[in-house]
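Enquirer: Protein chains in written order, with this note's numbering: chain A, 1 to 108; chain B, 1 to 102; chain C, 1 to 160.
The set of hints was computed from the structure by calculation and includes no laboratory data.
For each residue, glycine too, the CB sits at the ideal point set by N, CA and C.
You may find that some hints are simply not true.
Not the full set, but computed from the structure, chain C residues with beta-carbon under 7 Å of chain A [what the hints assert, rightly or not]: (1) A80; (2) M123; (3) I136.
The list that follows gives simulated cross-link-like pairs (lysine-lysine, DSS-like), each with its CA atoms no further than 27 Å apart [what the hints assert, rightly or not]: (4) B/K80 to C/K103; (5) B/K80 to C/K129; (6) C/K152 to C/K129; (7) C/K152 to C/K98; (8) C/K98 to C/K139; (9) C/K152 to C/K102.
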Amino acid sequence: MIMLSVILIITGVFFFFTATFGLLRFPDFYSRLQATGKGDTLGSLLVLAGLALYNLSNGISLASVLVSVKLLLIAVFIFIANPTATHALTRAGQDAGVEPWTKEDKTR
Amino acid sequence: MENFFLITSLILGFLVIFSLYRGVFGPTVLDRIVSVGVIGTKTTVILALLGFIYGRIDMFVDICLAYALLNFITTLAAAKFFRVRKSIVPGSKFLNDKGTDL
Amino acid sequence: MKYIATFLILFVNWLIWSGMFDSFHMSLGVISCAIVTFMSHDLFFASGQFHFRYITEFIRFVLYIPWLLYQIILSNIHVAYLVLHPKMPIEPSIITFKTTLKKDMSLVAFANSITLTPGTITMDIQDGKYFVIHCISRKVADDLLSGEMERKIARIFGEE
Chain A
1 MIMLSVILII TGVFFFFTAT FGLLRFPDFY SRLQATGKGD TLGSLLVLAG
51 LALYNLSNGI SLASVLVSVK LLLIAVFIFI ANPTATHALT RAGQDAGVEP
101 WTKEDKTR
Chain B
1 MENFFLITSL ILGFLVIFSL YRGVFGPTVL DRIVSVGVIG TKTTVILALL
51 GFIYGRIDMF VDICLAYALL NFITTLAAAK FFRVRKSIVP GSKFLNDKGT
101 DL
Chain C
1 MKYIATFLIL FVNWLIWSGM FDSFHMSLGV ISCAIVTFMS HDLFFASGQF
51 HFRYITEFIR FVLYIPWLLY QIILSNIHVA YLVLHPKMPI EPSIITFKTT
101 LKKDMSLVAF ANSITLTPGT ITMDIQDGKY FVIHCISRKV ADDLLSGEME
151 RKIARIFGEE
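Isolated chain A (complex conformation) (with noise of 0.2 Å):
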């Protein structure tokens, strides 16, 4: 059980690093938030549900159920917020008249 949380884990590392990484290399603000809107969503998820896993594993009282549901449920409502802040952030572009990046203006 605590292998499968380390697993868990250091995938979820991973992801937030691949977030990170596209958050400082991607050319334009649209394509920035393909990168970390969801890469962190799913980061966060997995961090989350490893540390669950993780309390879960020194015994089962109501006390760590409760801890873990907790969790969970922190990692359920960043699934439900975090798409929702990036659809209002390209729809704040949107309407500011940000153009998105297109592969032939690339010699601008």
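Model the placement of chains B and C on the given structure of chain A, informed by the hints.
Expert: Quick look at chains B and C alone, frame taken from chain A:
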């Protein structure tokens, strides 16, 4: 196991510093908002890890929830605010487009 | 009916988050949940009435989540490949397509699923019919246009 959590949260802390680059040098205000949101998500996870390091996860999990809620509301409010204040975003079509209202 | 449903949802959340089961905290929870239910009873069930159909829809939605997770992981790996590739072979484009979904709930679920699968963001829904979507590469756009996710959403909310 505490060492593993410590190393994980250190890595996440370095990632926060990298994301801060976008927050400081980001070309538009929206890039900075994205960076703030990303840092907030990472902080939520770091708080959960800290709870395991200190052995007080039952307390830290509530702080985590509060942080996640605040982070979500911050991003939404900032997006809404800068949607109205168009001229703040450089490279916008504010000056040569049809009008001022949405 | 919708008062009772809202109250039950709120009270289950209260029990989970407070974690104390003595009578004092439970009665506090009952009082505050009742106040919140009274003030915002029309938020959860916007159409006004509670139908038992919502429960089956909820169960089918929960059954849809594993498939969604699988898709999210697959396409997250794709985006990770794009990020770590030294030449960064992305070709962002904006596509518009028409959807057959009609209900508000299914539109919301579809838009959020599109945003969650990496490589695509819903930018706008025009007149409840046309989705404007920002794609990061050709492959994810083709995946989306095959329409599998749309069919699954339609089956959940009973719109064949």
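Enquirer: Does the structure keep B/K80 and C/K129 at a Cα separation of 27 Å or less?
Expert: At roughly 24 Å apart (the allowed maximum being 27 Å), C/K129 and B/K80 satisfy the hint.
Enquirer: Within a Cα-Cα threshold of 27 Å, do C/K152 and C/K129 meet the stated pairing?
Expert: Holds, at about 17 Å.
Enquirer: Tell me if the straight-line CA distance from C/K98 to C/K139 falls inside 27 Å.
Expert: holds (19 Å)
Enquirer: With chain A as the partner, please determine if C/A80 meets the hint condition of a C-beta pair closer than 7 Å.
Expert: holds (4 Å)
Enquirer: Given the hinted pair C/K152 and C/K102, is their alpha-carbon gap at most 27 Å?
Expert: Given that 27 Å is the threshold and the Cα spacing comes to 14 Å, the pair holds.
Enquirer: Taken at face value, is the distance from the CA of C/K98 to the CA of C/K152 at most 27 Å?
Expert: Roughly 16 Å separates the two Cα atoms, so the pair holds.
Enquirer: So, C/I136 near chain A? Judge it on the closest CB pair being under 7 Å.
Expert: holds (5 Å)
Enquirer: Against chain A, with CB atoms and a cut of 7 Å, does the hint on C/M123 hold up?
Expert: Because about 5 Å separates C/M123 from the closest Cβ in chain A, which is inside the 7 Å limit, the hint holds.
Enquirer: For B/K80 and C/K103, compute the direct alpha-carbon distance and say whether it is at most 27 Å.
Expert: holds (26 Å)
Hint violations for this structure: none, all hints satisfied.
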